[in-house]
Amino acid sequence: MNLISGIKLYIDKMCSESGPGMKIILLDKETTSIISMAFSQSDMLQREVYLFERLDSGRSNERLKYLKCIVFIRATKQNIQLLANELRNPKYSAYYIYFTNIIPRTDIKYLAECDESESVREVKELYADYLCVNPNLFSLNLPCCMANLNWLPDALTRSMQGLTAVLLSLKLNPVIRYRAGSQAAQLLAKQIYEQITKESSLFDFRSNIDGAAPPLLLVLDRRDDPVTPLLHQWTYQAMVHELLQINNNRVDLSDRPNVPKDFKELVLSGDQDEFYGNNMYSNYGEIGSTIKQLMEEFQRKANDHKKVESIADMKNFIESYPQFKKMSGTVQKHLCVIGELSGLSNKRNLFEVSELEQEIACKAEHSAQLQRIKKLIADERISIEDSLKLVALYALRYERHANCDTSGLLQIIKSRGGRAAVVPALVEYAGTHVRQGDLFNMVRITDAVKLTRNLIKGLKGVENVFTQHTPLLKETLEDVFKGRELDPQFPAINSELVPFRRPPQEVVVFIIGGATYEEALSVHQLNNAGYRVILGGTTIHNSQSFINEVLAATNGIQFKHTKSMIKYCSTDNI
Amino acid sequence: MSGNPFDSDDDESAGSGEILEGFLCPICRADLKSIDMLTDHFARQHAEEEATLKTIKDIFVKAKKKILNNFEDERVAGGAASSGATAASAASKNGNGDPKGPSNARSRMNVFNHMSKQQPGAECSHFEYFQSVRNPRLERYASETNKLIIRLHRLLKDMPTDSVQRRQHEQQTVAWLDGSSVKLCPSCAKSFHIARRQHHCRLCGGIMCNDCSKFLPLEDAMQLASLSTTRSEPLQQLHQNERAIRLCEHCLWLLDTRRDMHESRTCRPLLMQVYEQIRQLQKEVTPDLDMYLKIINSLNDGDTIFTLADAGALRGKIGQVAEAMDMRSKRILAIFCEPGSREEALKKAIRLGCIKTIKDRMLSLPPLPDEEYIRQMQERRRRETEQRILTEQRMAMEAFERRNQAAKMAGGSAPGPESGSFAQGTDLQSLNNWSAPQAATKVSLDDPLIEQINIIKGYIKQARQDMNFEVVETLELNLRELQREVYERQRQSQGSFPASPSEA
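Heads up: the sequence lines are chains A and B, in that order.
Oh and the first sequence: position 453 is 453 in the UniProt record's numbering, straight run, nothing missing.
Oh and the second sequence: position 267 is 267 in the UniProt record's numbering, straight run, nothing missing.
Only chain A is shown next, with the shape it has when bound in the complex:
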């Protein structure tokens, strides 16, 4: 269950099926990202793929009849039309066509009719229709998937296709469960189920032959846990995404001052960059010391190379040059990133903010926390966005508290010129009226097991104030693997497959409304503990992108649950 190798195997297959010879690859916008997440350009050069072109770019008519052409595209109407035009006027000697998803027969017929010069040698579906971020994390790059708190139709189709592709590339025919009460989750689960039933021959993996419990696909809704994406993160990958934004494994530093020219755009891929691969889940502090070690080693080597006196020294230098260069590149790159991160954390007083964020998320102490929030958000040193997040967390946590003073806090935000409308939108999006599960550990006294567990947690004390919070997803997955009763919270759509009280061996989780790197960390830990879990989301959120998604999803609807904040709502929602 490794998504990156899943994609890699597919791409390898494409390159090898076309045989030896120079090749060009024709892509569309999405497949370009898909391929770039798995392979670098030089990897593709090794596979004799020398040119990359977009099918939809206005391309020259130059013919290179000695090239073979691999076409790797999504099966959209527009792509089919463009490909048909290409086949009518072939520029290359042979075409190997690969679609990322299930394609209707009529489209194949249409293409066949266009291939008048017999240049097509292969037409195949290879289900590489998702972006593999980590070995167990995928995204579909849909920054906004909802409008009026319901699916955007395109986003729904894309999610269905992306998830079926994940299932097919890992050869899973799962039990499908969705979050009860979430319309979006139910709709997506239903569509996937219909697709699986329609293409039952494709999904015939005979995995149940040895009596193992079937895998599980769990469709969740971000609206169950709005807290995780709002919290500031301290693990490397998550922190980079929160402060600098990772986009398709790339970090754009071009607008930062003091960044050397070579590092304007950085590629952070755990697969290609060993240091990053080893450290993307490490804490900020740990990274610092690891970088220091790396630097020392690097300096030692650099010193070694400085005393180039004899010819033998020189030869030595040249011989170890490639590794030397590679290592120096890695060190400088990560040094640059860490430098940016530490600059930003100091500037924005993130330690102070993060500590309070974690307190609000994990402990119920209304009056003390309210005082601290008031103090912090009035402080000019704290950025307005961070203040807004604090208030948002407060509003979510104490929505039903008797002395809830969200309006008072919003007044301060408004006076500082912040986007106060975010908070009511957020409560509308994911307030207590939609949430399920105990996001804030507000346990009923009857649930004895959970009560004791919380008590034990409380007694153990906190190891690190900045990483107290664990996402709701972790608890959900623990329940799944323990074989707890799931039906009330997560009903199954194809219940005939559900085994009797046996936990699944493999789980694919999909979060409508985006996953986060904090959840990716939890999934990574579970995988380390021997469970097989894959996490995916319509996108990977940081706090900013999450707030944007919330605003987009609630845009234009009438707010019913935030009457007390009505004067801060944007005019569209009244």
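One thing to keep in mind: the hints can contain errors.
Here are the simulated SDA-like cross-link-like pairs (lysine to any residue), alpha carbons at most 20 angstroms apart as the crow flies [stated by the list, open to error]:
(1) K359/B to Q41/A
(2) K347/B to N61/A
(3) K292/A to S342/A
(4) K109/A to P136/B
(5) K283/B to D43/A
(6) K65/A to R342/B
(7) K171/A to Q119/B
(8) K198/A to E123/B
(9) K347/B to Y66/A
(10) K348/B to R47/A
(11) K147/B to W176/B
(12) K348/B to Q46/A
(13) K347/B to D43/A
(14) K356/B to D271/A
(15) K117/B to G530/A
(16) K109/A to L138/B
(17) K13/A to P120/B
(18) K109/A to S125/B
(19) K124/A to H126/B
(20) K65/A to R258/B
(21) K283/B to P20/A
Which stretches of chain B does chain A cover? Using the computed rule of at least three CB atoms under 8 angstroms from a CB of chain A, they are [stated by the list, open to error]:
(22) 134-148
(23) 252-263
(24) 340-353
Read the hints as simulated data drawn from the structure, not as lab findings.
For each residue, glycine too, the CB sits at the ideal point set by N, CA and C.
Please build the complex by placing chain B on the supplied structure of chain A, with the hints as guidance.
Leaving out everything else, chain B in the frame of chain A:
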């Protein structure tokens, strides 16, 4: 955060008296969730335990044997003592006994690795359906095009130069449609009149106006009809207008498509040829790269199969190939093409790929080790071997003495050991018993084994010159075996009992 997030919960469930089920490790009772995990866990965690268990067992067995002066043991020991080789083999057997646990574990690990190796995901080919739609259409086109080409051939074969005769010839070859009832041009729907006259396609006889007519140059037509242009000299004298054939759009398209297909199948520009050379070089050098690494490793281990000169020679060869690749990729870059064109990008990419391959695979090879260092390594290895042999011999001697003692104690009542040792000895010699009598005297020059050794030495020399290091390796190993054999026989013929320290 702890490695296993369920630690505390597991305790809870155990406390509540839940029955443990699942993939439990039989030794530590941990639940491993899946069979893969369990196998892996067992291999990793309990491999050493297994090994220690085994060694403990071995110790017990040995102790038992010593105490009881076991009959069987005597036999083995006696046999071992009677020949150094048996001693060595017995010792190596004992030596093998211990690592059996770990080696087992390793194989299990391999199985696990193999199982965790991911299979490519599902796929679904539509090519059959694609062909079933495409091919009938193509066949129809193909037969149509063939018809046109036959007509073209006839038309051109002996085309008169005179325009009137030519027209006649054309009409004879292809019947022109009767244009009297056609009032409008079929392709542009404009009416025919004095200024817009009817024209006929020379290949299908169809009607069109001048604007809709296409022209195929005679040279191209000759090529399509596979007639050589030189043969029809008179055509060169034709007037400019007449040096083309009037065609309708459809016929021209069919002919063009045919020409395209032909071209794309036979097209082999210089760039492609040079590129293929590069690929060939790359393919040839790949086994050399692996071999080089192997040689360097074996040198660093102090093995004497390969010499430093071998490694140097191979490195030189790899360097030459790298240079050749570099040169060819530069040549590709030098081929002229339009700036900013796709071809230019292609050439740059090929060059980049070449540089990358050379840098990553060829220049980053580990450097040759020092001669001094190699000598040290070899020295150390030799000493280690000697040490091992000495200990083995000592053990064999001890065993022999014990046997003697036992024989004394048991008096003459134990003829078994004698016969046992005899059997062992003949067993051992059965490999070369056909030559045993001769070997007993002295090793003569015409001994077939010596001859064989000399031949192999010659082969090795030759293989070294050809840089065929795989052959060198196997031959060297053979040679060693032979040399040992000879030595063994020599030693036996001398009848000296304790083996001399080195075996080779």
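These are the hints, each one checked on the structure:
1. A distance of roughly 16 angstroms separates the Cα atoms of K359/B and Q41/A; the hinted pair therefore holds under the 20 angstroms criterion.
2. A hinted pair counts as satisfied when its Cα atoms are at most 20 angstroms apart, and K347/B with N61/A qualifies at roughly 18 angstroms.
3. For the given pair, K292/A sits about 14 angstroms from S342/A by alpha-carbon distance, which is consistent with the 20 angstroms threshold.
4. Proximity of K109/A to P136/B is assessed by CA-CA distance (about 13 angstroms); at most 20 angstroms being required, the pair is judged to hold.
5. Of the pairs offered as hints, the one joining K283/B and D43/A holds, with about 17 angstroms between alpha carbons and a cut-off of 20 angstroms not exceeded.
6. Straight-line distance between C-alpha atoms of K65/A and R342/B comes to about 12 angstroms, which keeps the hinted pair within the 20 angstroms bound.
7. Under the criterion of a C-alpha separation no larger than 20 angstroms, the hint pairing K171/A with Q119/B is consistent with the structure, at around 9 angstroms.
8. About 16 angstroms separates the Cα atoms of K198/A and E123/B, which keeps this hinted pair within 20 angstroms; it holds.
9. For the suggested pair K347/B and Y66/A, the alpha carbons sit about 13 angstroms apart, so the restraint of at most 20 angstroms is met.
10. Simply put, K348/B and R47/A have alpha-carbon atoms about 16 angstroms apart, close enough for the 20 angstroms limit, and the pair holds.
11. A hinted pair counts as satisfied when its Cα atoms are at most 20 angstroms apart, and K147/B with W176/B qualifies at roughly 16 angstroms.
12. The suggested pairing of K348/B with Q46/A holds, with an alpha-carbon distance near 14 angstroms, which does not exceed 20 angstroms.
13. Using a Cα cut-off of 20 angstroms, the hinted pair K347/B and D43/A holds, with the two alpha carbons roughly 17 angstroms apart.
14. Restraint check for K356/B and D271/A: satisfied, since their Cα atoms lie roughly 19 angstroms apart, inside the 20 angstroms limit.
15. Among the hinted pairs, K117/B with G530/A is consistent with the structure: their alpha-carbon atoms are about 16 angstroms apart, no more than 20 angstroms.
16. For a cut-off of 20 angstroms, the pair hint linking K109/A to L138/B stands: about 14 angstroms separates their Cα positions.
17. A threshold of 20 angstroms between alpha carbons decides the hint, and for K13/A with P120/B the separation of about 8 angstroms falls inside it, so the pair holds.
18. About 14 angstroms separates the Cα atoms of K109/A and S125/B, which keeps this hinted pair within 20 angstroms; it holds.
19. The hinted pair formed by K124/A and H126/B meets the criterion: a straight-line CA distance of about 6 angstroms does not exceed 20 angstroms.
20. Taking the CA atoms of K65/A and R258/B, the gap is near 14 angstroms; set against the 20 angstroms cutoff, the hint holds.
21. Using a Cα cut-off of 20 angstroms, the hinted pair K283/B and P20/A holds, with the two alpha carbons roughly 12 angstroms apart.
22. Chain A is given as covering the segment 134-148 of chain B, and this holds because 4 residues of the stretch bring a CB closer than 8 angstroms to a CB of that chain, at least three being needed.
23. Coverage of the segment 252-263 of chain B by chain A holds [criterion: at least 3 residues with CB-CB distance below 8 angstroms; count 4].
24. Taking a C-beta to C-beta cut-off of 8 angstroms, the segment 340-353 of chain B contributes 9 residues in contact with chain A, enough for the three needed, and the coverage statement holds.
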